[in-house]
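Each chain, letter by letter, is given below.
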Amino acid sequence: MAEVTFRVSQGTAEQSEEKSYRVPVATGMVVLDAIHYIQSHFAPDLAVRWNCKAAKCGSCSAEVNGKPRLMCKTRLDDFAAGEDIVVYPLKTFPRIKDLVTNVSWNFQVNKKITPCSPPKDATWTMYQEDMDRVQEFRKCIECFLCQDVCHVLRNHDKQNEFAGPRFFVRVASLEMHPLDTASRISYLKHEAGIGLCNITKCCTEVCPEDIHITDNAIIPLKERVVDEFYDPLSRLFKIFSGK
Amino acid sequence: MESFETHEHDVLVIGAGGAGLRATIEAAAQGVSVGLVCKSLLGKAHTVMAEGGVAAAMGNVDRQDNWQVHFRDTMLGGKMLNNWRMAQLHAQQAPDRVHELEHWGALFDRTPDGNILQRAFGGHTYKRLAHVGDRTGLEMIRTLQDRAVQLSVPVYMECTLTHLFKAGDRVCGALAYWREQGRFVLFLAKAVILATGGVGKAFRITSNSWEYTSDGLGMAYHLGAQLMDMEFVQFHPTGMVWPPGVKGILVTEAVRGEGGRLTNNKGERFMERYDPKRMELSTRDQVARAIYTEVKEGRGSEHGGVYLSVTHLDGEAIKKKLPSMYHQFKDLADVDITKAPMEVGPTTHYMMGGLRVDAETTSTTVPGLYAAGEVAAGLHGANRLGGNSLSDLLVFGRLAGLHAAQFAKQNKEKPKVGDDAVQQATREMLEPFERTSGPSPYDIHEELQDTMQNLAGIMRIEEDLKKALEKIQDLRSKLRSVRVTGSRLYNPGWHLAYDLRNLLNTSEAIARSALARQESRGAHTRLDYPKTDPEWGKWNHVISKDGGQMKISKSPLPQMPEELAKLFEETH
Numbered sequence: 001m002a003e004v005t006f007r008v009s010q011g012t013a014e015q016s017e018e019k020s021y022r023v024p025v026a027t028g029m030v031v032l033d034a035i036h037y038i039q040s041h042f043a044p045d046l047a048v049r050w051n052c053k054a055a056k057c058g059s060c061s062a063e064v065n066g067k068p069r070l071m072c073k074t075r076l077d078d079f080a081a082g083e084d085i086v087v088y089p090l091k092t093f094p095r096i097k098d099l100v101t102n103v104s105w106n107f108q109v110n111k112k113i114t115p116c117s118p119p120k121d122a123t124w125t126m127y128q129e130d131m132d133r134v135q136e137f138r139k140c141i142e143c144f145l146c147q148d149v150c151h152v153l154r155n156h157d158k159q160n161e162f163a164g165p166r167f168f169v170r171v172a173s174l175e176m177h178p179l180d181t182a183s184r185i186s187y188l189k190h191e192a193g194i195g196l197c198n199i200t201k202c203c204t205e206v207c208p209e210d211i212h213i214t215d216n217a218i219i220p221l222k223e224r225v226v227d228e229f230y231d232p233l234s235r236l237f238k239i240f241s242g243k
Numbered sequence: 001m002e003s004f005e006t007h008e009h010d011v012l013v014i015g016a017g018g019a020g021l022r023a024t025i026e027a028a029a030q031g032v033s034v035g036l037v038c039k040s041l042l043g044k045a046h047t048v049m050a051e052g053g054v055a056a057a058m059g060n061v062d063r064q065d066n067w068q069v070h071f072r073d074t075m076l077g078g079k080m081l082n083n084w085r086m087a088q089l090h091a092q093q094a095p096d097r098v099h100e101l102e103h104w105g106a107l108f109d110r111t112p113d114g115n116i117l118q119r120a121f122g123g124h125t126y127k128r129l130a131h132v133g134d135r136t137g138l139e140m141i142r143t144l145q146d147r148a149v150q151l152s153v154p155v156y157m158e159c160t161l162t163h164l165f166k167a168g169d170r171v172c173g174a175l176a177y178w179r180e181q182g183r184f185v186l187f188l189a190k191a192v193i194l195a196t197g198g199v200g201k202a203f204r205i206t207s208n209s210w211e212y213t214s215d216g217l218g219m220a221y222h223l224g225a226q227l228m229d230m231e232f233v234q235f236h237p238t239g240m241v242w243p244p245g246v247k248g249i250l251v252t253e254a255v256r257g258e259g260g261r262l263t264n265n266k267g268e269r270f271m272e273r274y275d276p277k278r279m280e281l282s283t284r285d286q287v288a289r290a291i292y293t294e295v296k297e298g299r300g301s302e303h304g305g306v307y308l309s310v311t312h313l314d315g316e317a318i319k320k321k322l323p324s325m326y327h328q329f330k331d332l333a334d335v336d337i338t339k340a341p342m343e344v345g346p347t348t349h350y351m352m353g354g355l356r357v358d359a360e361t362t363s364t365t366v367p368g369l370y371a372a373g374e375v376a377a378g379l380h381g382a383n384r385l386g387g388n389s390l391s392d393l394l395v396f397g398r399l400a401g402l403h404a405a406q407f408a409k410q411n412k413e414k415p416k417v418g419d420d421a422v423q424q425a426t427r428e429m430l431e432p433f434e435r436t437s438g439p440s441p442y443d444i445h446e447e448l449q450d451t452m453q454n455l456a457g458i459m460r461i462e463e464d465l466k467k468a469l470e471k472i473q474d475l476r477s478k479l480r481s482v483r484v485t486g487s488r489l490y491n492p493g494w495h496l497a498y499d500l501r502n503l504l505n506t507s508e509a510i511a512r513s514a515l516a517r518q519e520s521r522g523a524h525t526r527l528d529y530p531k532t533d534p535e536w537g538k539w540n541h542v543i544s545k546d547g548g549q550m551k552i553s554k555s556p557l558p559q560m561p562e563e564l565a566k567l568f569e570e571t572h
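Protein chains in written order, with our numbering: chain P, 1 to 243; chain R, 1 to 572.
Read the hints as simulated data drawn from the structure, not as lab findings. Mixed in with the good hints, there may be bad ones.
[Claimed, not checked] Example chain R residues on the side facing chain P (calculated, C-beta under 10 angstroms, incomplete):
hint : residue
1    : His46
2    : Leu117
3    : Met240
4    : Pro323
5    : Ser477
For glycine and all other residues, C-beta sits at the position ideal for the given N, C-alpha and C.
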């Protein structure tokens, strides 16, 4: 049976090293299968998160040969014969152990977002054509690959002033909900730091759900922020109406 | 002495899938303090993988639908072994629970007139499943999790419960460890809700994730709660069979709901021979047995399954209605389902049995201990209909939250757990680290999975079940000497060593119940007793702890009132 060499980054935030393993390859095998093989044959305490193994839960995010990927969806036959497969944890988040990182910051960000706020007397008649664009955002499986790749978080560590693409997608799903009445525009500008995004589309490229994060979520939200805060007509209106 | 941190809540909810989250929301709404504990990150529980939809007789597509028809379908699907009152409450309350999700932000697919769209599913008389393409579970868990976050409920993530404690006859707390650090946590609570799901990980081929190790069943059994209907394990007819790494991953019943056809290697639509009236939309037990039989008799597909095809349907519509199936097959199996058939075969999917609960309150036989969702028995009887699980989570999750909160309010006494009990439990947890030799937890797990798959699976026979019971005892003695290496820091080998205790216990309950039920009914098929026996239809199996032994007994089925019994007259 053919074998492939895996190099897995193991250790903690303080101390880590790459360890090599030879793993037999089966048809259709994915990186997560290999990690499980390593666990049961060589390294029983190798830490990894996973749940569904079918790209539906977003648990097994890692960096495979330098690219943020879901390990359950990354097939070994995507790599050249003889190429080593190198697996690292997400770089943007602090490592706990091996491939597991501390992603709790994301859950803190989520708490600050105003929830869906429909009117009390809503009839709940909604049409599919009004929902299609919102349903795209609702596909998000919270794998945080977009957060991992975003340079504002990855290279500039702006966690305190920037919510990241995942939460722009979430805000877009609420702002564009057919019956929502709340406004999150001030939040986007002042707390979520949407202005820091310079639309390089890295997030869109890594999204395993193919959500058009930049084009369909971030850019329309940026436009709403501009309309609210910089539109000269509405500024004049605000001055005179006192709102 | 092992140190530990302590947290106190009126109600402790264990498990953050649909049932646990719905229970949390309800208990918090009752004004009691609630803590939610889960093994994974929030939003990754098994509910996220549910695909096809949530069953609720709203009648948006088929106007004739109502709770009575849903009730009747559920009972007939469960081969009348269901708890009638649970089936009634479920059918009556499901529509309100679905609308509630919409009010909290869920966006279901729509009918042309702007209502929630409903699709056909096996065993449901009418189009009944509210859905979002084939990612209904994701929509549901995200909606519920955001609601719970909004209510500021503390969530203890990646925290595994290991022991429940009693004071007198009442539950009073639980021990857990943080997966991250391996440190212990004591929870004190006046009421505990178990929403810990099923036991798929006892089998080799399963659609279930690593979390499905029946922790709730194991902990509650040791505390003295009764288990019921443990012989009824659902084998979903359509799991992926190829390539090897994806074997068992679910192929949603919505594929058949949207018009998918099953064929064998001769191109025959074989369901004509098993259930000509309902064909592919027959109940899961029947379709799973049909596929098993086709393969066994040499009419299977290349990789030991059968073919499921949607190629006769519009390709664009398939991509819209079944997007995750389209991607799953394209990415993992190199199959474009709009152009070529899928290969599918049965996969362990769901536990109909579980903790015996009171239908009105979801209380187990231990005061203060509640159970909702897959961990509870009763609603689904001998076979669950697709779509009835998501509605189960919502209806009984809410009832559990409500009644646990009331119980906590009525019992003012501050919960206490003795230090000795905690120390004994932590010692038990840490023993595997102290051994210098012994079997690996991964090896024991593999042996158990093969045992259950081959000897207590979809087709059962006395001889095999007896062998399974012997093997389980053998694995139990191996587990007593299991060895764990590495540190307590995020150590999956250690976590598995503990999970095995529950897996073995539940496996024994499954094998014992399956051996005792000398008939075939629903998901339980005995090759040596192939007929359904009306006499057995009067009994549920109940499992309880009797000293160190597992005791099995028969309990008479609760009798349905006259006005409900009438609903079955024309169908019997």
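Going through the hints against the structure:
no.: 1; hint: His46; in the structure: holds, 8 angstroms
no.: 2; hint: Leu117; in the structure: holds, 8 angstroms
no.: 3; hint: Met240; in the structure: holds, 9 angstroms
no.: 4; hint: Pro323; in the structure: holds, 8 angstroms
no.: 5; hint: Ser477; in the structure: violated, 20 angstroms
Violated hint for the displayed structure: number 5, the only one.
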